[in-house]
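Asker: These are the residues of each chain, in order.
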Amino acid sequence: MKYVVFLVGYVDDVVFEELPEAEQAAWMTKHDEFDAAVNAREGCAVVGGEALTGGDAATVFRQRAGKVELTDGPYAEATEGIGGFYVVEAPDLDTLTDLLTVLPGYVMEIRPVDPAFE
Amino acid sequence: MNQLEQLWRDEWGRLLALLVRQFRDVDLAEDALADAFEAAAGTWSAGPDAADGQAVPDNPAAWLLTVARRKALDRLRGADTARRKLPLLAVERSRADSRDWVEEVVEVMDTDDELRLLFLTCHPALAAEAQVALALRLVLGLETAEIARLFLVPEPTMAARITRAKKKIAVAGLPFALPEPQELESRIETAVRAIYLGFTAGYAPGQGDAVVRTDLAGEATRLGQVLARLLGRQRPPMVDALLALMLLQHSRRDARVGPDGGLVLLADQDRTRWHADEIEEGLARLAQVRQAAGYTEELRLQAAIAGLHAVAVHAELTDWPRIARLYARLEQLTGSPVVRLNRAVAVAEADGPRAGLALLAGLDEALPRSHRLPAVRAELAARSGDDQLAREQYLLAIERCGHEGERTYLRTRLAALS
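In order, the protein sequences belong to chains A and B.
Mapping to our numbering: the first sequence position 26 is 26, numbers consecutive.
Mapping to our numbering: the second sequence position 69 is 69, numbers consecutive.
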């Protein structure tokens, strides 16, 4: 099964930019550890993933009556916090959540990919 | 209850678990098992010499499982499986997989699969109220209409809740598996909380006319007993604490409602109507739980309090000081204003109404919509001679109370004031 894991926030409202440098580095190392853990687990793979630039750089796109409408900023307060995402292959949810424990203190939203459109 | 009903009651969860394992599809498994029971109802007859239909088989559970498997395979052949809409469950290997289980599985008391089924229903990725509804449905085999009635919601609402939960299981890939050892304690706690949620919905329902929904509390207790049986000796103390609490509280069910359908307070209950055998079992379970921490201790303290009530042959013999001390520990553990409220009642019994009233100070902020807080304050005010406060608080309680049985009681108390 494929899942998209959105990194939507930080646990206990930690502000990453305010963490001491050493902690920030440790945080980033955990991403490497996550990749390794997933690849080591049977039936699992990191299929994709990116770190995203902040909500300030976001643009909302709509097309209405043949006209393109662009708006500055994120779509909603809820989406502003999305800092990155992973696309992970895993046999079931429990395996995935076990692997996610390796990542640092993000709040994450797990969305199963719709197999009908793969 | 006839034999088939008894079989449904005792075997549904176990048989369903085996079918879920094989077919990896909860809906298919449920439909097939229901079809098998229907077939049994049609063809089994009462005696071995009956003229029509076959006699009840020697191994009825095996018969049901065999027929259910056949029905499931028929459905699979008939349906266009290439157009399957939902993913199949991820099913963990078990010891039964290595055998030719077609022949042997009906003999295998694979309690592990029933446990997998129970853990599937009480998965933290499902909403708590969905967990308990699903557990009643899949583990106990209750029908949706019955579950809706137990929770006093319309049937379509309950049907939608169950369908959503089953869909989430399939789409999000919740596995049919035992939790990993490091997760087991946490998953057991999730199941215990879900079961207790069902129990409290039955024991002290917030809405509607029913004072006590004994059926729901009874079914939740059954779920607790299934959990205890399936975990066996590996069960953590939390499970015994849960069972002790439910058994001790549930034992009072026949005394809690008066002939007019109104609420009967603990002090006024006919204790001969309490179920002594359940009290005995509850106390035995409680004795197995030593002082603990966290949620286990919360349940244990509540059970200990229920136990102290249960052993008081008459209300006057209740050990209120000890109950008050237990409530104090529970309040320290949980910080709950409801616990403080209950503690105030106990302290009033032990040390007089003014001592109880003192503990109620400052609770209004924490419980702004509670009807029980003004009700208790009114009672204690009346006992200490402050009729004006009592009257004012009874009126407030009546206004806030959403419960006809309790409202009737409160009006009676108000009228009894000079």
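No wet-lab data here; the hints were simulated from the structure.
Since the model is a prediction, treat every value here as computed from it, not as a measurement.
Watch out, some of these pointers could steer you wrong.
[Claimed, not checked] Mimicking DSS-like on lysine-lysine, the simulated pairs with C-alpha atoms at most 25 Å apart in a straight line are:
no.: 1; chain 1: B; residue 1: K85; chain 2: B; residue 2: K168
no.: 2; chain 1: A; residue 1: K2; chain 2: B; residue 2: K168
no.: 3; chain 1: B; residue 1: K85; chain 2: B; residue 2: K167
no.: 4; chain 1: A; residue 1: K2; chain 2: B; residue 2: K71
no.: 5; chain 1: A; residue 1: K67; chain 2: A; residue 2: K30
no.: 6; chain 1: B; residue 1: K167; chain 2: A; residue 2: K2
no.: 7; chain 1: B; residue 1: K167; chain 2: B; residue 2: K71
no.: 8; chain 1: B; residue 1: K85; chain 2: B; residue 2: K71
Asker: Please go over all the hints and tell whether each is borne out by the structure.
Answerer: Taking the hints in turn, this is what the structure says about them:
no., hint, result
1, B:K85 / B:K168, "holds, 13 Å"
2, A:K2 / B:K168, "holds, 15 Å"
3, B:K85 / B:K167, "holds, 10 Å"
4, A:K2 / B:K71, "violated, 32 Å"
5, A:K67 / A:K30, "violated, 44 Å"
6, B:K167 / A:K2, "holds, 16 Å"
7, B:K167 / B:K71, "holds, 22 Å"
8, B:K85 / B:K71, "holds, 20 Å"
Checked against the numbered hints above, the structure breaks hints 4 and 5 and satisfies the rest.
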